[in-house]
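Number of protein chains: 2
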Amino acid sequence: MKYFLTFVFSCLILVKLLAQHTVEQWNRFEITLSHRSKANAFTDVHFKATFTHKDTSYTVTGFYDGNDTFRLRFMPTKTGVWQFVTQSNIAELNQKHGSFTCIDATASNKGMVKVSDGYAFRYANGQPFFPLGTTSYAWVHMDEAIQEQTLQTLQQTGFNKLRMGVFPKNYDLVKEEPSLFPYELKEVKKDAKGKEIKVWDYTKFNPAFFQHLEQRIEQLQKLGIEADLIIFHPYDKGRWGFDAMPMEANLRYVAYLTARLSAFRNIWWSLANEYDYVLSKSEADWHTLIKAVVQNDPYRHLCSIHGSTAHYFDYWIPEITHVSAQDEAPVMHWGAASIARNIYHKPVIYDEVGYEGNLKQRWGRYSGEEMNYLIWMGIIGGTYVTHGEAYLFKDQRDTIFWAKGGALKGTSWKRVGFLRKILEELNAPVEPADISRDYQTATNGKGVYLIYLGKAMANKWLFNLPHKNASFPRPTKGNRYKVEIIDTWEMSIASVPATFELADVHDYRLYDKDLKYVRLPLKPYLALRITEIHE
Amino acid sequence: MKYFLTFVFSCLILVKLLAQHTVEQWNRFEITLSHRSKANAFTDVHFKATFTHKDTSYTVTGFYDGNDTFRLRFMPTKTGVWQFVTQSNIAELNQKHGSFTCIDATASNKGMVKVSDGYAFRYANGQPFFPLGTTSYAWVHMDEAIQEQTLQTLQQTGFNKLRMGVFPKNYDLVKEEPSLFPYELKEVKKDAKGKEIKVWDYTKFNPAFFQHLEQRIEQLQKLGIEADLIIFHPYDKGRWGFDAMPMEANLRYVAYLTARLSAFRNIWWSLANEYDYVLSKSEADWHTLIKAVVQNDPYRHLCSIHGSTAHYFDYWIPEITHVSAQDEAPVMHWGAASIARNIYHKPVIYDEVGYEGNLKQRWGRYSGEEMNYLIWMGIIGGTYVTHGEAYLFKDQRDTIFWAKGGALKGTSWKRVGFLRKILEELNAPVEPADISRDYQTATNGKGVYLIYLGKAMANKWLFNLPHKNASFPRPTKGNRYKVEIIDTWEMSIASVPATFELADVHDYRLYDKDLKYVRLPLKPYLALRITEIHE
Chain A
459 MKYFLTFVFS CLILVKLLAQ HTVEQWNRFE ITLSHRSKAN AFTDVHFKAT
509 FTHKDTSYTV TGFYDGNDTF RLRFMPTKTG VWQFVTQSNI AELNQKHGSF
559 TCIDATASNK GMVKVSDGYA FRYANGQPFF PLGTTSYAWV HMDEAIQEQT
609 LQTLQQTGFN KLRMGVFPKN YDLVKEEPSL FPYELKEVKK DAKGKEIKVW
659 DYTKFNPAFF QHLEQRIEQL QKLGIEADLI IFHPYDKGRW GFDAMPMEAN
709 LRYVAYLTAR LSAFRNIWWS LANEYDYVLS KSEADWHTLI KAVVQNDPYR
759 HLCSIHGSTA HYFDYWIPEI THVSAQDEAP VMHWGAASIA RNIYHKPVIY
809 DEVGYEGNLK QRWGRYSGEE MNYLIWMGII GGTYVTHGEA YLFKDQRDTI
859 FWAKGGALKG TSWKRVGFLR KILEELNAPV EPADISRDYQ TATNGKGVYL
909 IYLGKAMANK WLFNLPHKNA SFPRPTKGNR YKVEIIDTWE MSIASVPATF
959 ELADVHDYRL YDKDLKYVRL PLKPYLALRI TEIHE
Chain B
459 MKYFLTFVFS CLILVKLLAQ HTVEQWNRFE ITLSHRSKAN AFTDVHFKAT
509 FTHKDTSYTV TGFYDGNDTF RLRFMPTKTG VWQFVTQSNI AELNQKHGSF
559 TCIDATASNK GMVKVSDGYA FRYANGQPFF PLGTTSYAWV HMDEAIQEQT
609 LQTLQQTGFN KLRMGVFPKN YDLVKEEPSL FPYELKEVKK DAKGKEIKVW
659 DYTKFNPAFF QHLEQRIEQL QKLGIEADLI IFHPYDKGRW GFDAMPMEAN
709 LRYVAYLTAR LSAFRNIWWS LANEYDYVLS KSEADWHTLI KAVVQNDPYR
759 HLCSIHGSTA HYFDYWIPEI THVSAQDEAP VMHWGAASIA RNIYHKPVIY
809 DEVGYEGNLK QRWGRYSGEE MNYLIWMGII GGTYVTHGEA YLFKDQRDTI
859 FWAKGGALKG TSWKRVGFLR KILEELNAPV EPADISRDYQ TATNGKGVYL
909 IYLGKAMANK WLFNLPHKNA SFPRPTKGNR YKVEIIDTWE MSIASVPATF
959 ELADVHDYRL YDKDLKYVRL PLKPYLALRI TEIHE
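If you read the protein sequences in the order shown, they are chains A and B.
Counting in the working numbering, the first sequence runs without a single skipped number right up to 993 at its last residue.
Counting in the working numbering, the second sequence runs without a single skipped number right up to 993 at its last residue.
Keep in mind that a hint or two might mislead.
No distinction is drawn between identical chains; accordingly, a pair holds when it is met within one copy or between any pair of copies.
[To be verified] In silico DSSO-like links for lysine-lysine, alpha-carbon gap of 27 Å or less:
#, residue 1, residue 2
1, K867, K651
2, K913, K981
3, K749, K804
4, K680, K940
5, K572, K749
6, K662, K644
7, K568, K971
8, K872, K680
9, K818, K974
10, K536, K572
11, K804, K904
12, K496, K818
13, K656, K918
Hints listed in this document are in silico derivations from the structure and should not be mistaken for laboratory results.
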């Protein structure tokens, strides 16, 4: 018995050491140190560390997490041994050395998402990422029960990205007071009308606020959802003042946020929602803030900014990785989605095109069919459209998913999950095969086409493909294809019991050698998946 | 008799002096000096002049015009006295002083066209300029008779801009050998197959070539047509070599061209047609060449560059004044034209959206109706579309207007003149009243709306206007309007015998207080002109 107990004891020690000394690639390694600061630990303590691998090195900023605790988080980007050494103006935080081993990621950990193929995204492990997100601006500021419900809801969907704000939201239909605030309260004043005004100390963050936010981001990560985190927004209107802090405070906030969160692999930075409605900041301020985010993020997470309807930022600047536009015009009609893609030469996400819902406001009253249609119109143009839902069945206390989370009540969210499976099966991004000429045919460049028929209904479809195939090899005479009819609304896929074989090019198109057609159900919202047969 | 003769003689002298010493604003003042260069007068003689007005000054480059003649042209931008002094490395061209008086422009001289109102254009005299152009790439390289016919044709149209190239064109259906070349011929080689290859001296220009070009640009000016001059293009393919000169020669050519032509008030610079098809030049080369043009043009004429289909340049760079895109997708369907406008915050001209014609190629076979439709779709989106015609009735010797000029054979060109009158009556640019939400209503911000009904046919139209009115004051209850039905195809305007009066805003729109409607002819291509009544 004695030997056995010793063995168990040794194993426990071994496990403990492994836990400290190995980290999965793209997971977080954390350094925790104690120091009681006599000054303001948020502003007066500087704390960094340099992590070195045989091929590369990163310098990462730490942060004060309250209770005399300083933390520094690092996301290893390569497997192997990493050495680190800290630097600080405080002796207890300075020149701390250590090392850990970064091991292979496990299956559900695909790494952070980056731009790939010019106009698309891939996880660090190379797997394509098709952004199919939704929005819940202030879900982390709702009652605990609603937050939990939101996570349960998201788990049942196919969404892989969530637009969400750091700051609480004060807006028509969204009046909830949060329980946590990002800053320490200095005093509560009363204005001339007796209304309470909270005065914050912008030099002192509230760690509990950020710990809570991190917990939610971590939970999203476990669900395979990217957190498209909105750093500023205009929906405050003098209630808390976070939309109108001095620029010095904005920069301190960006530095603190990025120090805390850059090591989360599922973070995307969205500098703002409807930035042009934030009256306190100029276009130049936004450029300054974008640069600050990028400089503080050693891993260069995806980074963009979002304007009001049809208000496009200078998305061409190098700090911005992708377009995150609010505009429905590009996905309402054929051929328009690709225009922004052709202009920016970057991935385009129409992150707000209106919401499925029943609100009075015109941005919040699409049918589920329309929402699903807009998402498909984006895909077929080589871009992406973010879902949103705004149903209100009671009064303003009802949880509209768009801002509060809770339950989804609409019909389009399910179709997004269906679309996601189709895209993931393609295993490569799609783009228009014959740009500005054929508005309905997208190619993955590997012998698979998606043809979206939109709102048109037809009894049959004459098999034909464009001769152009984006920048990929063109289809040629003799190529053979199978066809599947996708009902994007009914979420069904039916195989057509025939094989189609291409004849010569005729007027920019290739038809089946016998001019065979596909019998279609006379219904809208159909798509065709056309796959080359190689056997 | 003696006194009378003296008087006549004095008058003649006076006239001669006036002719030398007064110049209309935006016309040209020219200095001519002689010098016999022992070296290469094109490359070894430097010749500039500084023109000084009480408020401003310009430094302008001269050029060698052959026959021991050096010229320097200046376009005075302000009325009043201008002093000048020359600088040169050649004594006979150096330190020549003089002055002239710039007088008011006469009615037909409206000055050069500049960007105004962010997204539109005005002549220097403040009058709005609505670009309604056509294209004839190589008309100045055709037989003299065809060139004259082209001018006569243009005189009968409403076109006010012409896209045309400096260099001749070698392309399918365009094989004519020009009689003039821009360079001195060094030798004629024969290749392995015995084909003649002209070898040019890129350090020696052919003044006759440029004099001829200038004559044509001057003639266009007299017709009120802006010359959108294409400096480079890819349609050479080894025949003359002008698409593949060394960069040093490109820059020398740009410097010579801009020295000769910047003082022409109707010049626009188009760095290239289908620049991305010019294989010899990189994106960086184009940036260099654009900068060279702008630096050599003291007046900052309008400047852009034109790509192949859906190939957008970095139009956001400050040297580029407006977008000159080739793309039909933005004007095929509702709401797409404005996207580029919203992105670039500059005027957008879709300078190539395909051609009315009967060619086999899909870019050259629109009906007249379709061409006219595309032009209107651009206008209603707050942008501009350039007309083009490509009819071929005989063989390749037929004069397709698109490249050769000659006669127009189509039907849409007339409708462009009709549209121009409508726009000029608006006296201000139009833009979408309710961006990304109402795709059919454009406002001039001064109480006039154009509503385009496109291909839809209806028996009636319920009078209503969007509440949003771009950045202009919104229409309100009690406003009264008259309505005219424009048949954009039949070129007729019919007044509706009724007055419409706005009720309250209802769901983002304002209707007539009695919900009155307008009876429409059941025809496509209608537009409505809705004008506020103030009496």
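query = Between K662 and K644, at a C-alpha cutoff of 27 Å, which is it: within one copy, between copies, both, or neither?
reply = within (10 Å within a copy, 77 Å between copies)
Within, between, both or neither, where K804 and K904 count as close if Cα-Cα is 27 Å or less | Within one copy only: 21 Å inside a chain, 38 Å across chains, cut-off 27 Å.
task: Please work out whether the CA atoms of K872 and K680 approach to 27 Å or closer within one copy, between two copies, in both situations, or in neither?
output: So K872 and K680 pass the 27 Å test inside one copy only (20 Å; across, 64 Å).
Give the relationship of K818 and K974 under a CA distance limit of 27 Å: within one copy only, between copies only, both, or neither. Cα proximity of K818 and K974: across copies only (25 Å, versus 48 Å in one copy).
Next on the checklist: Reference check for the pair K568 and K971, CA-CA at most 27 Å: within, between, both, or neither?
Outcome noted: neither (44 Å within a copy, 61 Å between copies)
Can you tell me if K496 and K818 fall within 27 Å by alpha carbon in one copy, between copies, both or neither?
-> neither (54 Å within a copy, 82 Å between copies)
Could you place K867 and K651 in one of the four classes (within, between, both, neither) given a Cα distance threshold of 27 Å? neither (40 Å within a copy, 75 Å between copies)
* Please work out whether the CA atoms of K536 and K572 approach to 27 Å or closer within one copy, between two copies, in both situations, or in neither? => within (15 Å within a copy, 54 Å between copies)
Copy assignment of K572 with K749, given that the CA separation must stay at most 27 Å: Answer is within; shortest intra-copy Cα gap is 18 Å, inter-copy 34 Å.
Practice task
First find the shortest C-alpha distance between K913 and K981 inside one copy, then the shortest across copies, and answer within, between, both or neither for a cut-off of 27 Å.
Solution key: Cα proximity of K913 and K981: in one copy and across copies (8 Å, 24 Å).
### Alpha-carbon proximity context of K656 and K918, limit 27 Å
Neither: 65 Å inside a copy, 57 Å across copies.
Could you place K749 and K804 in one of the four classes (within, between, both, neither) given a Cα distance threshold of 27 Å? Intra 18 Å, inter 25 Å, cutoff 27 Å: intra and inter.
Consistency with the previously given hints fails for numbers 1, 4, 7, 12, 13, ordered from lowest to highest.
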